[in-house]
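Going by the working numbering, the first residue of the sequence shown is number 172, and it counts up by one from there.
No wet-lab data here; the hints were simulated from the structure. This list has only true hints and no planted wrong ones.
No farther apart than 20 Å at their CA atoms in a straight line, the calculated lysine to any residue pairs in the SDA-like style are these:
hint : residue 1 : residue 2
1    : Lys246    : Leu210
2    : Lys246    : Glu211
3    : Lys246    : Leu263
4    : Lys184    : Glu231
5    : Lys241    : Pro176
6    : Lys194    : Leu227
7    : Lys208    : Thr235
8    : Lys264    : Met233
9    : Lys208    : Gln248
10   : Lys241    : Asn202
11   : Lys246    : Ile175
12   : Lys197    : Thr235
13   : Lys197    : Ile221
14   : Lys208    : Arg269
15   : Lys208    : Glu234
16   : Lys241    : Tyr200
17   : Lys246    : Met172
18   : Lys241    : Glu212
19   : Lys246    : Glu205
20   : Lys246    : Ala261
21   : Lys208    : Pro176
22   : Lys195    : Gly183
23   : Lys237    : Leu217
24   : Lys241    : Glu216
25   : Lys264    : Asn242
26   : Lys184    : Leu209
Beta-carbon label-pair distances, calculated as ranges:
hint : residue 1 : residue 2 : range
27   : Tyr199    : Ser229    : 12 to 22 Å
28   : Glu234    : Ser255    : 16 to 26 Å
29   : Arg187    : Leu217    : 10 to 20 Å
30   : Met172    : Leu209    : 16 to 26 Å
C-beta atoms are modelled at their ideal positions from N, C-alpha and C, and glycine is treated no differently.
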Amino acid sequence: MIVIPAVDILGGKCVRLLRGDPKKSKVYYENPTEAAKLLEEQGAELIHLIDLDAALGSGENMETIKNLLKNISVKVQIGGGIRSLEKADALLKMGAYRVIFGTA
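Produce the complete structure using the sequences and hints provided.
Right, dumping it as structure tokens:
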């Protein structure tokens with residue numbers, strides 16, 4: 172079995188949504204990189220990162236993601252609002268291990 176921990180980003184913060192409702196989110200870390208570093212320290216080999224703002228069409232967190240990728244060495248797969256090959260390519264060039272197309 173492979174366990175893949177997740178980091179969800181909303182408004183630049185690491186959150187969890189209550190029943191998928193962005194209006195009902197709980198902030199776990201002000202800085203998502205801190206969450207990713209903790210997961211890395213605990214032995215994660217891969218992190219599943221979702222840009223909730225991009226998924227909801229209300230912005231994106233590219234700078235936050237770029238910072239996170241620069242500061243950890245564990246592989247990161249990224250999803251949320253990736254609707255073009257250009258955006259996928261940009262994320263891969265930033266250091267994403269792979270990207271997830273959930274919406275076309």
